[in-house]
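Novice: Protein chains in written order, with the numbering used here: chain A, 1 to 62; chain B, 1 to 181.
Hints were generated in silico from the structure; no laboratory data involved.
For every residue, glycine included, the Cβ atom is placed at its ideal position computed from N, Cα and C.
Hints may be right or wrong, so weigh each one.
So these bits of chain B aren't anywhere near chain A, every CB distance computed over 10 Å [what the hints assert, rightly or not]:
hint, residue
1, T31
2, V32
3, K49
4, N61
5, E118
6, K126
7, A138
8, F145
SDA-like, lysine to any residue: derived pairs with alpha carbons at most 20 Å apart [stated by the list, open to error]:
hint, chain 1, residue 1, chain 2, residue 2
9, B, K49, A, I7
10, A, K39, A, Q58
11, A, K39, A, E23
12, A, K4, B, T27
13, A, K4, B, G70
14, A, K4, B, K49
15, A, K39, B, T27
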Amino acid sequence: MTYKIQIDDLVRDATAEEAAAIEAGQAEAQAQADALALKQAARQAVLDKLGLTADEAQALLG
Amino acid sequence: MAYTSSQIVQAVPTGINSALVLISSTTIGTTVSSVAISNAFSSTYDNYKIIVSGGISSASNAGFIYMGTGALPASGYYRFTFSGVYSGTTVTGFNSSNGAAWGGTFQTSTDSSHTSFELFSPNLAKNTHIISTCARSATTANALFTGGYLADTTQYTGFTFAPDAGTLTGGTVRVYGYTNS
Numbered sequence: 001m002t003y004k005i006q007i008d009d010l011v012r013d014a015t016a017e018e019a020a021a022i023e024a025g026q027a028e029a030q031a032q033a034d035a036l037a038l039k040q041a042a043r044q045a046v047l048d049k050l051g052l053t054a055d056e057a058q059a060l061l062g
Numbered sequence: 001m002a003y004t005s006s007q008i009v010q011a012v013p014t015g016i017n018s019a020l021v022l023i024s025s026t027t028i029g030t031t032v033s034s035v036a037i038s039n040a041f042s043s044t045y046d047n048y049k050i051i052v053s054g055g056i057s058s059a060s061n062a063g064f065i066y067m068g069t070g071a072l073p074a075s076g077y078y079r080f081t082f083s084g085v086y087s088g089t090t091v092t093g094f095n096s097s098n099g100a101a102w103g104g105t106f107q108t109s110t111d112s113s114h115t116s117f118e119l120f121s122p123n124l125a126k127n128t129h130i131i132s133t134c135a136r137s138a139t140t141a142n143a144l145f146t147g148g149y150l151a152d153t154t155q156y157t158g159f160t161f162a163p164d165a166g167t168l169t170g171g172t173v174r175v176y177g178y179t180n181s
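Assemble the whole structure, with the sequences as input and the hints as a guide.
Specialist: Following this line, the structure appears as structure tokens:
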């Protein structure tokens with residue numbers, strides 16, 4: 001895939017190495033997003049068991 | 001009497017003990033996957049404010065920032081982020097421990113997003129610290145608050161930021177230095 005990158009005022013196509021760096025960054029970000037989604041799913045599962053909304057649980061915790 | 005912009009900048013420190021001085025202003029291009037600013041930091045200032053505002057993205061995503069203008073670093077980035085959507089009171093926390101960048105420190109939007117990064121000692125032979133805030137408007141509009149540091153004493157002169165996915169179009173990156181005295 002071709003990416004465009006900007007360095008100061010210059011916009012140009014990324015080299016193969018730069019494209020690999022962009023994809024590595026995006027993969028790292030996706031891994032973090034996946035971890036967060038898992039955490040949120042686990043949290044929601046607990047709320048579902050308790051029959052509470054997130055706001056109600058927050059109110060209980062003060 | 002008319003003053004040039006350089007004369008005005010020189011006049012500020014003499015009358016005010018603390019001030020923000022504009023170092024650079026860069027317009028973000030069209031559909032770029034990353035933006036690097038190469039001559040942002042120097043020995044003139046210890047601490048900096050970077051404002052990224054006014055642009056849009058091809059999709060609403062999180063984004064990351066790292067020091068330097070080269071390839072994504074391997075490790076050393078630590079941060080904790082609070083995030084919340086405007087439609088509820090739930091606060092979600094997420095972190096990076098020894099990550100490859102300060103991930104999730106801003107969010108892009110197809111509507112509008114504004115971020116303020118505060119960077120501490122990026123050009124000193126010390127760890128660089130970051131505090132950032134971001135507010136965006138979009139379908140899942142939310143706000144982010146981040147604090148973190150880079151376990152690395154390299155003296156950086158630039159930085160790079162990028163969306164997790166998609167591209168950025170338009171908006172401005174303004175770098176300011178905080179006068180030291």
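Novice: For every hint, state whether the structure bears it out.
Specialist: Now for the hints, and whether the structure bears them out:
no., hint, in the structure
1, T31, "violated, 6 Å"
2, V32, "violated, 4 Å"
3, K49, "holds, 18 Å"
4, N61, "violated, 8 Å"
5, E118, "holds, 21 Å"
6, K126, "holds, 25 Å"
7, A138, "holds, 16 Å"
8, F145, "holds, 16 Å"
9, K49/B / I7/A, "holds, 19 Å"
10, K39/A / Q58/A, "holds, 16 Å"
11, K39/A / E23/A, "violated, 24 Å"
12, K4/A / T27/B, "holds, 15 Å"
13, K4/A / G70/B, "holds, 15 Å"
14, K4/A / K49/B, "violated, 26 Å"
15, K39/A / T27/B, "violated, 37 Å"
Hint violations for this structure: numbers 1, 2, 4, 11, 14 and 15, all remaining hints satisfied.
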